[in-house]
Amino acid sequence: MSSFVLQFLNGLTSASTLFMVAAGLSLIFGITRVLNFAHGSMYMLGIYLAYSAIGAFSVGGVLTPVAFWGGILCAAVLVGMVGALVELTVLRRVYRSPELFQLLATFGVVLLTKDLVLWFWGPEDLLGPRAPGLGGAVEILGSPFPEYDLFLIVVGPLILGLLWLLLHSTRWGLLIRAATQDREMAAALGINQKLLFTSTFALGAFLAGLGGALQIPREPAQHFLDFTVIVDAFVVVVVGGMGSIPGAFLAALLIGEVKALCIGIGEIGAFGFGISLPKLTLVVESLVMAAVLIFRPWGLMGRALAVLPDAGEARPLLARNTAATRMAGVAIVAALAITPAFANQYSLVLLVDILIFALFAASLHFLMGPSGMASFGHAAYFGLGAYAAALAFKQAGLPMEISILVGPLVAVLAALSFGWFCVRLSGVYLAMLTLAFAQITWSVIYQWDGFTGGSNGLVGVWPAPWLSGRISYFYLVLLLCGGAVLILRRIIFSPFGYALRACRDSPMRAAAIGINVSRFQWMAFLVAGGFAGLAGALFAFSKGSISPEVLAIGQSVDGLVMVLLGGVQTISGPLVGAAVFTWLQELVARHIDYWRALLGMIIIVIVVAFPHGIVGQLFSRNRAKE
Amino acid sequence: MTILRVEGISKSYSGALALDNLSFELQAGEIIAMIGPNGAGKTTCFNILHGQLRADSGQVFVGDACTSRMDTPAILRLGVGRTFQIAATFHSFTVAENVQMALLARRGLLWNLHSQAGDLCRKEADQLLEQLGMLAHAARACSVLSYGDLKRVELAMALAGDPILLLMDEPTAGMAPRERLQLMALVVRLARERKLSVLFTEHDMDIVFAHADRILLLEQGRLICQGTPAMVRADPRAQRAYLGDNRD
Ligand SMILES: Nc1ncnc2c1ncn2[C@@H]1O[C@H](COP(=O)(O)OP(=O)(O)O)[C@@H](O)[C@H]1O
Ligand SMILES: [Mg+2]
Chain A
1 MSSFVLQFLN
11 GLTSASTLFM
21 VAAGLSLIFG
31 ITRVLNFAHG
41 SMYMLGIYLA
51 YSAIGAFSVG
61 GVLTPVAFWG
71 GILCAAVLVG
81 MVGALVELTV
91 LRRVYRSPEL
101 FQLLATFGVV
111 LLTKDLVLWF
121 WGPEDLLGPR
131 APGLGGAVEI
141 LGSPFPEYDL
151 FLIVVGPLIL
161 GLLWLLLHST
171 RWGLLIRAAT
181 QDREMAAALG
191 INQKLLFTST
201 FALGAFLAGL
211 GGALQIPREP
221 AQHFLDFTVI
231 VDAFVVVVVG
241 GMGSIPGAFL
251 AALLIGEVKA
261 LCIGIGEIGA
271 FGFGISLPKL
281 TLVVESLVMA
291 AVLIFRPWGL
301 MGRALAVLPD
311 AGEARPLLAR
321 NTAATRMAGV
331 AIVAALAITP
341 AFANQYSLVL
351 LVDILIFALF
361 AASLHFLMGP
371 SGMASFGHAA
381 YFGLGAYAAA
391 LAFKQAGLPM
401 EISILVGPLV
411 AVLAALSFGW
421 FCVRLSGVYL
431 AMLTLAFAQI
441 TWSVIYQWDG
451 FTGGSNGLVG
461 VWPAPWLSGR
471 ISYFYLVLLL
481 CGGAVLILRR
491 IIFSPFGYAL
501 RACRDSPMRA
511 AAIGINVSRF
521 QWMAFLVAGG
531 FAGLAGALFA
541 FSKGSISPEV
551 LAIGQSVDGL
561 VMVLLGGVQT
571 ISGPLVGAAV
581 FTWLQELVAR
591 HIDYWRALLG
601 MIIIVIVVAF
611 PHGIVGQLFS
621 RNRAKE
Chain B
1001 MTILRVEGIS
1011 KSYSGALALD
1021 NLSFELQAGE
1031 IIAMIGPNGA
1041 GKTTCFNILH
1051 GQLRADSGQV
1061 FVGDACTSRM
1071 DTPAILRLGV
1081 GRTFQIAATF
1091 HSFTVAENVQ
1101 MALLARRGLL
1111 WNLHSQAGDL
1121 CRKEADQLLE
1131 QLGMLAHAAR
1141 ACSVLSYGDL
1151 KRVELAMALA
1161 GDPILLLMDE
1171 PTAGMAPRER
1181 LQLMALVVRL
1191 ARERKLSVLF
1201 TEHDMDIVFA
1211 HADRILLLEQ
1221 GRLICQGTPA
1231 MVRADPRAQR
1241 AYLGDNRD
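Those protein sequences? They're chains A and B, same order as listed. Positions 1 to 626 (the working numbering) are the ones given, in order, by the first sequence. Positions 1001 to 1248 (the working numbering) are the ones given, in order, by the second sequence.
Hints are computed from structural coordinates only; laboratory data are not their basis. The beta-carbon is built from N, C-alpha and C at its ideal position, and this holds for glycine as well. Don't take every hint at face value.
A short list of chain B residues far from chain A (calculated; beta carbon distances all over 10 angstroms) [said to hold, decoys possible]:
hint, residue
1, Ala-1088
2, Asn-1112
3, Gly-1133
4, His-1137
5, Tyr-1147
6, Gly-1174
7, Glu-1193
8, Lys-1195
Computed from the model, here is a short list of chain B residues facing chain A with C-beta under 7 angstroms [said to hold, decoys possible]:
hint, residue
9, Ala-1102
10, Leu-1109
11, Ala-1117
12, Leu-1150
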């Protein structure tokens, strides 16, 4: 009994932190309609800055309450300033750009921050000091409970109260609420939007930074916190309802308690399996989110997003093959086919990577471009393909040639079950659900040591002898990936592909001419998942080993960057994006430690220089000429 | 022959009554205008007739089939097409491709991963566009068309479904006055040729009185009078409710 009470309190503690991060994210989304992927980075910055600030304030190494609390506040304020800086330099320039392009901009900030943190603080975990005066524990029902955690439990509702006051009794709050409800109206009222946006960003970042800084006595500063936190925050915001602060609070409580409950219940036995719930918190969390979204598509307290008047996301017509493009395609394939004659081993390995990721990016583009469904969890299908192939080979002892086919098959099955839920939603909600499913898949693979090798992954996944040479495997990959990309292209121009574009352009009109929109979108998941799975299977056999990294969020993000960098509006764009990204990663990563920062900078520069996307830019220039 | 029979449909949005026990009938080949001030419930009625919304109570019959519980594709198969108050087309397609999509959907040819969609049903699409005077624009992108032309494309898409009943929600809204008269004359000509029944909403009374066989006047979700243009024009309730100073 007492352990349940303690777990309940633990749940409240984590709910407080979750709420602080999610409230900022929700506010920013409510006002600017930007889905800020960099919000987790702000949290991470908060915890690192708090570590350093407390250290700097502890004169002579003596930790005083002033040093501790001053350090935390200082960290939060600094993060708020970083938020304002990001808004002023990057996001301000992309508010009128397509949604996905804004997302790319925030990815740039994520990459940049990640490497800055690595560069400044190094890769080791940094453990902060305990809070002076709150370092002890109190007795609750006979068990000790940390005082500091009790303090955090109070902080959450306190912040909620302060935010409520801020929103309901100041002029600024009034403007915020007006702008959240109706952007156009607020603009018409002559509200200084720029100031409003910047201050919202600063406040949101401040809250995330505070949430991070306050964690310093409880958990070490780690450089992968940005992704774990952003996923949690997204889940909370989506469950609570985009833009709703009380909703975020409610959802944080729900998620925090669900997590604590999993830990409290511990191991359960069912059907002869021992299921360890503490290891599967992420799965349970995602299931809660999926359940909420299915019954309340706009979250617990959210309202249907007012459909913004089409932000002028002009999509060009798809260019059909001309003699010139056909020639170019043949030339590229021919050039690739003769490379083994003069390329060295190293270049061949790189080319195989590029081909595999080109297929991965093309399959993601199929969902994001023609089908209009942004997937933030596409690595799930890639990774499942890789694991299914590797497991078929290692555990089931199937020959390599069959195992490679098992990959896409399993990916298709996963896409069918995930997609069934996803197509019930749209926009960012859909994207979040794909992310949740990917996280579920990741944690199952990660935790299932006995079968999947857990965090170590699987080794010894080598191709059959006749394909084991670098050159022969290169030809296999060229054949399969090249063929798959051509098939995808064919599908985009087929009636099925046209129907998908129709559903994207105007779901209402598509339904009115008799297209079953959700069924077509469901099948789009099948196609995209299957081809991503094929890429994954080929990847597994090209490396000889795989680890859970292949289906981690980082892999999904890489895919998104490839597609967005190349341009979501063209079919060849993602292929180019994948090639450039993979090549850059390989080339730069060998010479420069901080290649992600470089990539982040490049992305930001591109986004700021071409606020309508590279392809969009060319497109509008062409139109101006007309 | 009765094409459409609406029996006492009501619909409320979170308590506010948008349609209140509405009943009317539409005979084969009739062209009926539904008029009424903004917010009277016209669009709501269209959405129910076309399966985008469910009525809270009441029934709708198309021919002999009760459509109250049917979804849009099923209602389409009964031969009911529609255009929207705000023209909805596929803006990354050309004009011809939009119509081709409607034709492909109508014939159940969309589950095809192999053929080139741009080549299918092209001739039929061109024929439809020709009838609507849009053939010259066939290869243009929908995103660069004028609003009036978009409405024509939409009309072509609705006709591609070979309807027996066409629902048109404010077909001429957002058009220049000259264009309005032209478009409506075209619709009426096509309807008479194809023996098509039409139910349309319209704010321009000149158009309504020129083309409608019968008029339904809605106010706050209720049918307050119906009849031939002459009857409605003479009806004091209609004059008070709509035709007085509210003419736009
Ligand atoms: N989705 C909706 N939610 C709530 N109220 C609605 C919705 N759509 C329409 N209404 C209300 O129903 C009434 C009828 O609207 P509508 O059918 O659009 O009228 P009309 O097309 O005649 O202008 C109006 O009072 C309108 O405010
Ligand atoms: Mg209307």
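Against the structure, the hints come out as follows:
1. Ala-1088: 4 angstroms, violated
2. Asn-1112: B:Asn-1112 not clear of chain A: closest Cβ-Cβ about 4 angstroms, inside 10 angstroms.
3. Gly-1133: About 21 angstroms separates B:Gly-1133 from the closest Cβ of chain A, which puts it past 10 angstroms; holds.
4. His-1137: Holds, since 14 angstroms exceeds 10 angstroms.
5. Tyr-1147: 14 angstroms, holds
6. Gly-1174: 14 angstroms, holds
7. Glu-1193: 22 angstroms, holds
8. Lys-1195: Holds, since 22 angstroms exceeds 10 angstroms.
9. Ala-1102: 5 angstroms, holds
10. Leu-1109: With a closest approach of 6 angstroms, the B:Leu-1109 hint holds.
11. Ala-1117: 4 angstroms, holds
12. Leu-1150: 11 angstroms, violated
Consistency with the previously given hints fails for numbers 1, 2, 12, ordered from lowest to highest.
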